[in-house]
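**Student:** Keeping their order, the protein sequence lines are chains Z and D.
So that you can map any letter, position 51 of the first sequence is 82 in the numbering used here, and since no number is skipped, the others follow by simple counting.
So that you can map any letter, position 81 of the second sequence is 549 in the numbering used here, and since no number is skipped, the others follow by simple counting.
Just so you know, these hints were derived from the structure itself, not from any lab.
Remember, it's a predicted structure, so these values are computed and weren't measured experimentally.
Backbone N, C-alpha and C fix where the C-beta goes; we use that ideal spot for every residue, glycine too.
Errors might be hidden in some of the hints.
With a cut-off of at most 20 Å between alpha-carbon atoms, the simulated SDA-like pairs for lysine to any residue come out as follows [stated by the list, open to error]:
1) Z/K88 to D/L471
2) D/K538 to Z/L132
3) D/K538 to D/V518
4) Z/K42 to Z/H60
5) Z/K42 to D/L471
Anything over 10 Å on all C-beta distances counts as not near chain Z; from chain D, calculated [what the hints assert, rightly or not]:
6) L479
7) Q482
8) E483
9) E485
10) L487
11) Y490
12) S495
13) L513
14) G520
15) K538
16) H543
17) K570
18) Q575
19) G576
20) V581
21) P583
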Amino acid sequence: GAGVSQSPSNKVTEKGKDVELRCDPISGHTALYWYRQSLGQGLEFLIYFQGNSAPDKSGLPSDRFSAERTGGSVSTLTIQRTQQEDSAVYLCASSFQGVVLDTQYFGPGTRLTVL
Amino acid sequence: TQLLEQSPQFLSIQEGENLTVYCNSSSVFSSLQWYRQEPGEGPVLLVTVVTGGEVKKLKRLTFQFGDARKDSSLHITAAQPGDTGLYLCAGVGFRFGNQGGKLIFGQGTELSVKP
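Using the sequences provided together with the hints, build the complete structure.
**Tutor:** Here it is, written out as C-alpha cells:
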C-alpha cells in the first residue's frame with residue numbers, strides 16, 4: 032500500500048553539520064505535518080502545511096529548523112548546524128484535507144543521531 | 469499553551485489483567501484521539517472522541533471523553549501480550565479552526581503485558 036514514506040530511516044551526523052530529512056505523503060493528501068519524538072519531550076508538533084496556505088511554523092524550536100513542501104507533495108525538513116539535543120525521531124504525517132477530524136497517517140520516522 | 473498529562477508513563481501487567489490509562493488537561497479540546505505506536509513505526513490512530521461524555525468501544529478497548537472535554541481515559545479489559553506497545557493520547561484544540569489538525573500529544577504510556 033502507498034503509505035507515508037520517510038527517508039533516510041536512520042541518520043547519524045556530527046555536531047555542526049546540516050541534515051535534510053524527506054517525507055513523501057500519501058498521494059492526494061493536501062495536509063502534511065512534521066513532529067519530533069524524543070525521550071524527554073514526547074511527541075511534539077513542528078510544522079504544518081495545508082495546500083497553498085502559509086505553513087504553520089509555530090512548533091519549530093529554533094531558526095536552525097526549516098521545512099519546505101514542493102509542488103504540494105514531497106516535503107523536506109532541514110536542520111542546520113545540528114546540535115546533540117536535536118537527536119530524536121522525526122515523524123511526518125499526512126491527511127486528506129487537514130481539517131480538525133481528518134485522520135493523520137504517520138510515516139515510520141527518521142531516527143537522527145547527532146554525535 | 470495546551471498540555472496533556474498522561475498517566476501512568478509505564479505499566480507492566482500480567483495477561484488477563486485490566487488497566488486504565490488517563491489523559492488530563494486544564495484546556496478544552498474539540499476532540500481527542502488515542503494512538504498506538506510499535507517500535508520503529510509511526511503512531512496509528514485507534515479512535516477519535518468528539519462529544520463530551522462520549523464512550524467508544526473497540527473490542528476490549530473502551531475510550532471515554534470527559535464531560536468537559538478536558539480529559540479522556542483508555543480502559544483495556546483482559547489485556548493480552550499483543551496489546552504491548554506505546555499508547556498516546558492527542559488533543560485537537562478549537563483555535564485551529566479550518567487550519568485544524570495540529571495535534572498536541574501526551575507523554576505516552578508504555579504498556580507491557582506479560583504472558
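**Student:** Decide, hint by hint, whether the structure agrees.
**Tutor:** Going through the hints against the structure:
1. Z/K88 to D/L471: The given pair, whose Cα atoms are some 18 Å apart, holds under the 20 Å limit.
2. D/K538 to Z/L132: The given pair, whose Cα atoms are some 17 Å apart, holds under the 20 Å limit.
3. D/K538 to D/V518: Holds, at roughly 11 Å.
4. Z/K42 to Z/H60: Given pair Z/K42, Z/H60 is violated - Cα atoms ~26 Å apart, limit 20 Å.
5. Z/K42 to D/L471: violated, 30 Å
6. L479: Non-interface label on D/L479 holds, nearest chain Z Cβ at 16 Å vs cutoff 10 Å.
7. Q482: With a cut-off of 10 Å, D/Q482 remains clear of chain Z, as the shortest Cβ separation is near 27 Å.
8. E483: holds, 28 Å
9. E485: holds, 25 Å
10. L487: Per Cβ check, D/L487 is outside 10 Å of chain Z; nearest 20 Å; holds.
11. Y490: holds, 15 Å
12. S495: At roughly 15 Å from the nearest Cβ of chain Z, D/S495 sits farther out than 10 Å, so the non-interface label holds.
13. L513: violated, 5 Å
14. G520: The claim stands: D/G520 keeps its Cβ more than 10 Å from every Cβ of chain Z (closest is about 16 Å).
15. K538: holds, 17 Å
16. H543: Correct as stated: the minimum Cβ-Cβ distance to chain Z is 22 Å, above 10 Å.
17. K570: violated, 5 Å
18. Q575: violated, 4 Å
19. G576: violated, 6 Å
20. V581: holds, 22 Å
21. P583: holds, 27 Å
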